[in-house]
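*Asks:* Our numbering puts the first residue of the sequence shown at 377, with every later residue one more than the last.
With a straight-line cut-off of 25 Å between C-alpha atoms, the simulated DSS-like cross-links for lysine-lysine are:
hint : residue 1 : residue 2
1    : K491      : K401
2    : K446      : K399
3    : K475      : K491
4    : K399      : K491
5    : K399      : K475
6    : K440      : K399
7    : K401      : K440
8    : K439      : K401
9    : K475      : K439
Hint data in this document are derived by calculation from the structure and do not stem from the laboratory.
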Amino acid sequence: MAKQNISTDELISVIISGIEDVKGKEINILDLREIENTVCDYFVICEGTSNTQVNAIVNSIQKKVSKELKDNPWHVEGADNAEWVLLDYVNVAVHVFQKHIREYYDIESLWGDAKTTVIETSY
Numbered sequence: 377m378a379k380q381n382i383s384t385d386e387l388i389s390v391i392i393s394g395i396e397d398v399k400g401k402e403i404n405i406l407d408l409r410e411i412e413n414t415v416c417d418y419f420v421i422c423e424g425t426s427n428t429q430v431n432a433i434v435n436s437i438q439k440k441v442s443k444e445l446k447d448n449p450w451h452v453e454g455a456d457n458a459e460w461v462l463l464d465y466v467n468v469a470v471h472v473f474q475k476h477i478r479e480y481y482d483i484e485s486l487w488g489d490a491k492t493t494v495i496e497t498s499y
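Work the whole structure out from these sequences, hints included.
*Replies:* Encoded structure:
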């Protein structure tokens, strides 16, 4: 059976919902489509307050995307130490950081030409 085509907007929406379910903080979406030689179309970036919360965010995203969209990440990197976990959904890369690691690498500045959307949370 052929896999259904999932829209990028739908994928990002479910990812954001998964982050919010476990109170992930400082959620940003970087639109990389106008930048040459990028590896994907979007970055979704957020942070957790501990290894435990980073793992909870990652698990929440994976479960929600799997259940609602029947999709799994192509690759997961960094889950062992849970300071910076990358979920690669091919055209969307999700970066889940601990605050100090996010500040150190500051990937929002590295991709400063990207259009950034800040997601407001109510918690």
